[in-house]
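Asker: Residue numbers (the numbering used here), protein chains in the order written: chain A, -14 to 312; chain B, 2 to 294.
Calculated from the structure, these hints are not laboratory results. Predicted model only: the values in this text are computed from it and were never measured. Note that the Cβ used here is the ideal one computed from N, Cα and C, for glycine as well. Fair warning: there could be bad hints in the mix.
To be verified - Now the in silico label distances, taken between C-beta atoms and shown as ranges:
#, chain 1, residue 1, chain 2, residue 2, range
1, B, L50, A, D59, 39 to 45 Å
2, A, L1, B, L39, 28 to 34 Å
3, B, P157, A, V277, 47 to 53 Å
4, A, G58, B, W18, 45 to 51 Å
As the list claims (entries may be wrong) - Computed from the model, here is a short list of chain B residues facing chain A with C-beta under 8 Å:
#, residue
5, L139
6, F142
7, L156
8, V158
9, L235
10, V250
11, M257
12, S272
13, L273
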Amino acid sequence: MLRYAVTRLLGVIPTLLLVITIAFFLVRLAPGGPFDQEQALAPEIRAHLEAAYGLDQPMLVQYGRYLRGLLHGDFGPSFKYRDFTVTELIGRGLPVSLAIGLPALLFAFLAGVSAGCAAALRRGHWLDPVIMGVAVVGMILPVLVIAPLLQLLFGIELGWLPVSGWQKGTLTDLVLPVLTLALPLTAYIARLTRGSMLEVLASQFIRTAQAKGLPWSRIVMRHALPPALLPVVSYLGPASAMVLTGSLVVEKLFGLPGSGRYLVEGALNRDYTLVLGMTVVVATLTLGLNLVADLVYAWLDPRVRLGGLAATMSLAARGRSGGGESR
Amino acid sequence: MSSALPRGEYPVERGLWQDAWRRFRHRPVALAATHVLLLVVLLALLGALASPYTYDALDYSHLASAPELASRHWFGTDDLGRDLYLRTLLGLRISLAIGLLATAVSVLIGVGYGAVAGYLGGRTDEIMMRAVDLLFALPQFFFVLLLAVVFGQSLPVLFVTIGAFGWLVMARIVRGQALSLRHREFIEAAIAGGVPTARILARHVVPNVIGPVIVYATLTIPQMILLESLLSFLGLGVREPLASLGGLVADGAAHMETAPWMLLVPGSFLSLVLLCFNLAGDGLRDALDPRER
């Protein structure tokens, strides 16, 4: 298990490096630069600016510098927000993004698994089609439409929750954004759980457990749930990518000062270092969460937990490819 | 089993498509979704003829006015006095076009990539699919954003950048199918006959994976529409005075307190289109999926 964890951890590093490299050169290839303005700058001023930001150096030198900076946690200066480094900007926005992203992931996981299990265990009961119907609608209705409707209902009509905004992170500010972000994920996880739970419940070892006379609750919790969770766990990787994407939209909808705003503004302003820095942070986060998902997967599966490395690798790969069905 | 059938009434042999169509017809939900989609497409293409306005003309006597029949602003107007009926139809056309073309791009890339990987197999396959795994682990939306910035925001660029996002699952599906095809007799016969690899791929492998490709393509369309709506919402998609449904919803969300119809009209159309594509795709999957047979 430990060896597996270390191997996987080491595998992330070249991936991350590759992503950074691609993103770096992609951004540099973009036509137009950060100093393009309505009025053309005098060539001397432009040259000075480029020298100050190191843009006059050959591309490879810039690349080397950037990597060296990254190792120290330095993402370079922002081109548009003068007097700010990208590290400062990200340090401001990221906590807000995480404050809605992580609870949303947690909520989606807990609520989705509970709803999926409830539906699977009540097959044939009216509860099953109701839960699954809600899940289909929740999966398909776009966040763009759901969020304003929630704001209209809870914020304006009922007045229970603030419509938008951020007062130093009061909990009530977070409820609607987290719910909005979690909704499609919850729905997808519920469907995933129901499917795999039904599959597991139909398998031989569950019948054996029943034949031994174990109580039903114990069968479900100890025997059926862990294997049924495997597809859900491997979906956590793609899910985290979805949360990060969704938080861009949710932050804008609810007027939260998260990192999404910096990314979008950076993209519109051609703020190279800001966009690049955000991409690096986001890629690191996703790869990290993918890694966590793989480790939890390995831990849940006794064949991996107790078995050799070879089996482990192939299993993890299979889990990943099984989980990525949606976006 | 055979004794139950009277003489002369043995089942007629049916092709894949006839079979699929028969199944599809017996799924009322999927069939209804398809019909609604057809109606929506028809409305998007021809509906503009019924209105006296144009999508970008400003009507100063009706700023943000509610839907009413007398002024012939059937869905109301937006805050600039533009007719919302026509803007919604415009948004529908653009969103549908992006959905279809971006899906076409992702089908082209995904089928090519998957067929090559699956058919060649071995080390090539392993490396190619590892790359797909890697891309899967990343939030692709950020790369679409990056591409939208690098290559600008014109419509054709949007088709390609958004399409470049959707091919991963397609590549996996096609690769799986191609892998199972490569040792079949007719492929071996083609190899023995000296048919070049590219031709085997084009003539023998790709036509045999077309079923799952159609199913998944139908399910990709709504994803592409959704993705574009997110881009437009963030201000990185289609530009004014053109608009996609996502852009209209973003406008509407900003004015929802004073002019809720600006949100509700394009929002319902967006939801309706996404819902119908998904339902129709699910029906197609049930009708065409070989695993069901």
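Asker: Please flag the earlier hints that this structure goes against, numbers listed from lowest up.
Answerer: Going through the list in order, the structure violates hints 1, 2, 3, 4, 7, 8, 13 and respects the others.
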